[in-house]
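Turn these sequences into a full structure, and let the hints steer you where they fit.
Chains as they are written, first to last, in my numbering: chain A, 3 to 116; chain B, 4 to 117.
These aren't lab readings, by the way, just hints derived from the structure by calculation. The reader is advised that the hints may include incorrect statements.
Stated by the list, open to error - Here are the in silico distance ranges between beta carbons for each label pair:
| hint | chain 1 | residue 1 | chain 2 | residue 2 | range |
| --- | --- | --- | --- | --- | --- |
| 1 | B | GLN114 | A | ARG112 | 18 to 26 angstroms |
| 2 | A | PRO41 | B | GLU23 | 33 to 41 angstroms |
| 3 | A | GLU64 | B | SER12 | 23 to 31 angstroms |
Given the structure is predicted, the values throughout are model-derived calculations rather than measurements. Don't be surprised by glycine CBs; every beta carbon is placed ideally from N, CA and C.
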Amino acid sequence: DGGITQSPKYLFRKEGQNVTLSCEQNLNHDAMYWYRQDPGQGLRLIYYSQIVNDFQKGDIAEGYSVSREKKESFPLTVTSAQKNPTAFYLCASSISQPNTGELFFGEGSRLTVL
Amino acid sequence: AQSVTQLDSQVPVFEEAPVELRCNYSSSVSVYLFWYVQYPNQGLQLLLKYLSGSTLVKGINGFEAEFNKSQTSFHLRKPSVHISDTAEYFCAVNEGTGRRALTFGSGTRLQVQP
Numbered sequence: 003d004g005g006i007t008q009s010p011k012y013l014f015r016k017e018g019q020n021v022t023l024s025c026e027q028n029l030n031h032d033a034m035y036w037y038r039q040d041p042g043q044g045l046r047l048i049y050y051s052q053i054v055n056d057f058q059k060g061d062i063a064e065g066y067s068v069s070r071e072k073k074e075s076f077p078l079t080v081t082s083a084q085k086n087p088t089a090f091y092l093c094a095s096s097i098s099q100p101n102t103g104e105l106f107f108g109e110g111s112r113l114t115v116l
Numbered sequence: 004a005q006s007v008t009q010l011d012s013q014v015p016v017f018e019e020a021p022v023e024l025r026c027n028y029s030s031s032v033s034v035y036l037f038w039y040v041q042y043p044n045q046g047l048q049l050l051l052k053y054l055s056g057s058t059l060v061k062g063i064n065g066f067e068a069e070f071n072k073s074q075t076s077f078h079l080r081k082p083s084v085h086i087s088d089t090a091e092y093f094c095a096v097n098e099g100t101g102r103r104a105l106t107f108g109s110g111t112r113l114q115v116q117p
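This is the structure:
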C-alpha cells in the first residue's frame, strides 16, 4: 500500500541535542512538506520541497533544517537552535499537477525535549 | 496572503444532534478549500475538498460543506453525529499560486457526548 512513513513515532531528547525525524513516501509525489502542530495553534509550515534538491522555508523555519536528496525522502533536523522543540511533527506530500494543494499525511512524530 | 479562521475552538454536542463547524478564509484570488480530521496522536485524514463546480461538497462519514464565495466561508456540517466523530477538525486553504502550500486554521475540537 502506498503511503507516508514517519519515524520514530515518539522521541525523547535532552536539551541541546540535534534530532532528525525521518519521512519516506512511496506515492511518487513530487512535493513534500513538514508541519509543526502545537495545541490550539493548528499546523504551521516549517519547510517544503517541490522537487528533488530544492526546498523552501515556511513560516517557522528557524532552528530547523531539511534535505531532499531523493524523491522519496525528506528528513527534518531539529537543531539545538530551536528554542521550543517539543511538539508534534507532521510530514505530508502532494502531487504537483494539478496543484490543488491536497496533502497526504504521515502518522506524525512526537518530540519531547527534557 | 491566505489565512483561515476557525471561529470555535471547541464544540460540544449530543449524539445524534446536528453540528456545524465554522470556517472563514481570507484570500484575494480563487482558492481550493479542504477539511481534514485528526484523531488523537494520528496524522490528518481528508474529509472533503472544494476545487470548483458545485458549492455543496459531500465527503466521507456523512459530512458535507458549503462554499460561499461572497461570505468567504466553508462551513462543515453533519445532520446527525456519532460518538466516533469526536476528533479535531481543521479547515485549510490553498490559493494555487505562490508557495503552493496549505494554510491551516487553528482547529475545532468536536466533542460528542452520549
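**OP:** Starting from the range 23 to 31 angstroms, see whether the pair GLU64/A and SER12/B falls in it by beta-carbon distance.
**Re:** Holds - the Cβ-Cβ distance for GLU64/A and SER12/B, about 27 angstroms, lies within 23 to 31 angstroms.
Exercise for the section: Please test the hint of 18 to 26 angstroms on the beta carbon pair from GLN114/B and ARG112/A. Expected result: Given about 22 angstroms between the Cβ atoms, the range holds.
Exercise for the section: With 33 to 41 angstroms as the target window, see if PRO41/A and GLU23/B comply at their CB atoms. Expected result: Violated, since PRO41/A and GLU23/B (Cβ atoms, about 23 angstroms apart) do not stay within the stated range.
Figure legend: structure checked against the earlier numbered hints; the only hint not met is number 2.
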